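Enquirer: Each chain is listed here by its residues.
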Amino acid sequence: GAGVSQTPSNKVTEKGKYVELRCDPISGHTALYWYRQSLGQGPEFLIYFQGTGAADDSGLPNDRFFAVRPEGSVSTLKIQRTERGDSAVYLCASSRDRAAGELFFGEGSRLTVL
Amino acid sequence: GNSVTQMEGPVTLSEEAFLTINCTYTATGYPSLFWYVQYPGEGLQLLLKATKADDKGSNKGFEATYRKETTSFHLEKGSVQVSDSAVYFCALRLNSGGYQKVTFGTGTKLQVIP
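Heads up: the sequence lines are chains U and R, in that order. Using our numbering, the letters of the first sequence correspond one by one to residues 1289 to 1402. Using our numbering, the letters of the second sequence correspond one by one to residues 4 to 117.
The hints are simulated quantities; they were obtained by calculation from the structure and are not laboratory data. Predicted model, so just to flag it, every value in this text is computed and none were measured. Please note that the accuracy of each hint is not assured.
As the list claims (entries may be wrong) - Computed cross-link-like contacts, DSS-like style, restricted to lysine-lysine with a CA-CA straight-line distance of at most 27 Å:
#, chain 1, residue 1, chain 2, residue 2
1, U, K1299, R, K112
2, R, K104, U, K1366
3, U, K1366, U, K1303
4, R, K104, R, K71
5, R, K112, R, K71
As the list claims (entries may be wrong) - Pulled a few chain R residues facing chain U out of the computed Cβ check, cut under 8 Å:
#, residue
6, Y42
7, E45
8, G46
9, Q48
10, L51
11, F92
12, V105
13, F107
14, G108
Unchecked claim - To be clear about the criterion: a stretch of chain U counts as covered by chain R if any three or more of its residues have a C-beta under 8 Å from a C-beta of chain R, and this derived list gives those stretches:
#, segment
15, 1330-1337
16, 1393-1399
Glycine included, each C-beta is placed from N, C-alpha and C at the ideal position.
Chain U on its own, in the form it takes in the complex (with noise of 0.2 Å):
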């Protein structure tokens, strides 16, 4: 399609376990945003990628929290050893390069940790 497209959209996971969450974002887009939104609140950003490489991952809240963007296009969220306070609805959204200011985002993996 030719949005982001995030998956999964929903995933439910015991607290301790491993989990990666994807985005796709639009085809082009060089520069790249995780957030992450709880509820009731405004997203919260996590990091940025510009290409391949993360420029600002000042917003992981702890080293349980990594991504990565191996070929500067598809990005993938991990959250090692799982706790019941991750639980939110972590979003990805994509922009043309790092100047451009509208950000384009994908519908959310929803994540709860039992």
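Starting from the known structure of chain U, fit chain R onto it as the hints suggest.
Expert: Using the frame of chain U, we list chain R on its own:
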């Protein structure tokens, strides 16, 4: 740091009522300002934007004016419709380490009843 504060919801209005959703910001520098909207079951999408002081963004009957003196970007619509029911997010974009970082408010849920 940079932040966005918007009025808490939910806001419930009758169809054809006038809408105002307040948004104020704190930023070091001169940000661009945005309103994003999230319809039920959909991803966030850009509603309107303004890139400098006194600019007015408008789209789908919604308007917001960038007021530097009051650091505000209030969203208004003269006559709301049921289809406007959604969550509205105010956001700012500011240069951060060579890229445009976007910071969101907590969102305001609007419910329009017939």
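Enquirer: So, for every hint listed, does it hold in this structure?
Expert: Going through the hints against the structure:
1. U/K1299 - R/K112: Holds. U/K1299 to R/K112 sits at ~25 Å (cutoff 27 Å).
2. R/K104 - U/K1366: 22 Å, holds
3. U/K1366 - U/K1303: It holds: about 15 Å lies between the C-alpha atoms, which stays within 27 Å.
4. R/K104 - R/K71: 19 Å, holds
5. R/K112 - R/K71: Holds, at roughly 25 Å.
6. Y42: 11 Å, violated
7. E45: Cβ of R/E45 sits 6 Å from chain U, so the hint holds.
8. G46: 4 Å, holds
9. Q48: 7 Å, holds
10. L51: With Cβ-Cβ at 11 Å, over 8 Å, it is violated.
11. F92: 5 Å, holds
12. V105: Holds. Min distance 6 Å.
13. F107: At about 4 Å, which falls below the 8 Å cut-off, the nearest Cβ of chain U leaves the hint on R/F107 intact, so it holds.
14. G108: 5 Å, holds
15. 1330-1337: That given contact holds, which follows from 5 residues of the segment 1330-1337 of chain U lying within Cβ reach (below 8 Å) of chain R.
16. 1393-1399: holds (count 4)
Checked against the numbered hints given earlier, this structure breaks hints 6, 10; the rest are met.
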